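Using the sequences plus the hints, can you model the full thing?
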Amino acid sequence: MNHLEYIQQEAGKNWAFHMDNLESLQRESNTTLTFLYVVISASFSGAVKLFSGGHSVGLALALSILCVYLAVLAAYLIFSCLMARTVKSPANEPKNLKIPPPEEGKNPYTSEQIQDFELENLQSRIEFNRNRNDKTARHLNIVRVMICASPIIFLLAIAFFGALSALCGENWF
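Residue numbers (the numbering used here): 225 to 397.
Among these hints, one or two may not hold up.
With a cut-off of at most 30 Å between alpha-carbon atoms, the simulated BS3-like pairs for lysine-lysine come out as follows [said to hold, decoys possible]: (1) Lys312 x Lys359; (2) Lys322 x Lys312; (3) Lys237 x Lys330; (4) Lys237 x Lys322; (5) Lys319 x Lys330; (6) Lys319 x Lys237; (7) Lys359 x Lys237.
Pairwise CB distance ranges (calculated) [to be verified]: (8) Phe397 x Ser374: 34 to 40 Å; (9) Ala383 x Ala315: 54 to 60 Å; (10) Leu379 x Lys359: 42 to 48 Å; (11) Leu391 x Lys359: 27 to 33 Å; (12) Ile302 x Leu388: 47 to 53 Å; (13) Ile302 x Leu391: 33 to 39 Å; (14) Gln250 x Val292: 23 to 29 Å; (15) Ile231 x Ser374: 43 to 49 Å; (16) Gly386 x Ala308: 40 to 46 Å; (17) Ala361 x Ser276: 39 to 45 Å; (18) His227 x Thr255: 56 to 62 Å; (19) Phe352 x Gly386: 46 to 52 Å.
Simulated from the structure, these hints should not be mistaken for laboratory data.
Just so we're clear, the structure is a prediction, and the values are computed from it rather than from any experiment.
Using N, Cα and C, we set each Cβ at its ideal position, and we do this for glycine too.
Listed below in structure tokens is the structure:
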């Protein structure tokens, strides 16, 4: 195995690692979205039940705010992590790798030169996929942290509607 073949083999492993990482991020994003769907459904059901019962209107409004907050997080997750985006392929097309026929007065590229050019192209494809994965991971982490903030959103909504009911002289709780 010559030096260029070794570099190509290692570059292929690197590309495969980033593709595995992409698949892992997609699975984790789908799992997080499924969790959000469950919690959105539960908060929506609770709000509807409280509204239909006529009691605890403030709590129903707070659950509604939580439901909207979680729905916004789910939409953000879909648009930032789960929408189809470009992924670079592991190899160039054969027509681009073909050694051109010699022209008069010009020497064609050698096989080693073409391998060297292709290594540069592979490096740019690896960097593209790595940057794509970095963005997806950053957005997924933002959503996860914001999910952790959902009890705070719920408590702030309760406090807001509690203060509003006190100002209006109503008992919403």
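Right, here's what the structure says about each hint:
Taken as a hint, the lysine 312 and lysine 359 pair is honoured in the structure, with Cα atoms around 15 Å apart against an allowance of 30 Å. Between lysine 322 and lysine 312 the CA atoms are separated by roughly 20 Å; this keeps the pair inside 30 Å, and the hint holds. Under the criterion of a C-alpha separation no larger than 30 Å, the hint pairing lysine 237 with lysine 330 is inconsistent with the structure, at around 36 Å. At most 30 Å may separate the alpha-carbon atoms for a hinted pair to count; lysine 237 and lysine 322 meet this at roughly 24 Å.
A threshold of 30 Å between alpha carbons decides the hint, and for lysine 319 with lysine 330 the separation of about 20 Å falls inside it, so the pair holds. Only pairs whose Cα atoms come within 30 Å are accepted, and lysine 319 paired with lysine 237 is accepted, the gap being roughly 24 Å. Straight-line distance between C-alpha atoms of lysine 359 and lysine 237 comes to about 21 Å, which keeps the hinted pair within the 30 Å bound. With their beta carbons about 20 Å apart, phenylalanine 397 and serine 374 fall outside the hinted range of 34 to 40 Å.
Look at alanine 383 against alanine 315: about 58 Å separates their beta carbons, and that is inside 54 to 60 Å. For leucine 379 and lysine 359, the Cβ-Cβ distance of about 32 Å falls outside the hinted range of 42 to 48 Å, so the restraint is violated. Between leucine 391 and lysine 359 the CB atoms are about 44 Å apart, so this pair departs from the stated range of 27 to 33 Å. Taken as a hint, the range 47 to 53 Å is violated for the pair isoleucine 302 and leucine 388, whose Cβ atoms sit roughly 32 Å apart.
For isoleucine 302 paired with leucine 391, a C-beta distance near 38 Å keeps the hint of 33 to 39 Å intact. Look at glutamine 250 against valine 292: about 26 Å separates their beta carbons, and that is inside 23 to 29 Å. Between isoleucine 231 and serine 374, the C-beta spacing of about 48 Å keeps the proposed range 43 to 49 Å intact. Judged by the Cβ atoms, the range 40 to 46 Å given for glycine 386 and alanine 308 holds: they are separated by roughly 44 Å.
Between alanine 361 and serine 276 the C-beta distance comes to about 41 Å, which sits within the given range of 39 to 45 Å. At roughly 42 Å, the beta carbons of histidine 227 and threonine 255 sit outside the given window of 56 to 62 Å. The hint said 46 to 52 Å for the Cβ distance between phenylalanine 352 and glycine 386, and at roughly 51 Å that hint holds.
Going down the numbered hints, you'll see the structure goes against 3, 8, 10, 11, 12 and 18, while the others check out.
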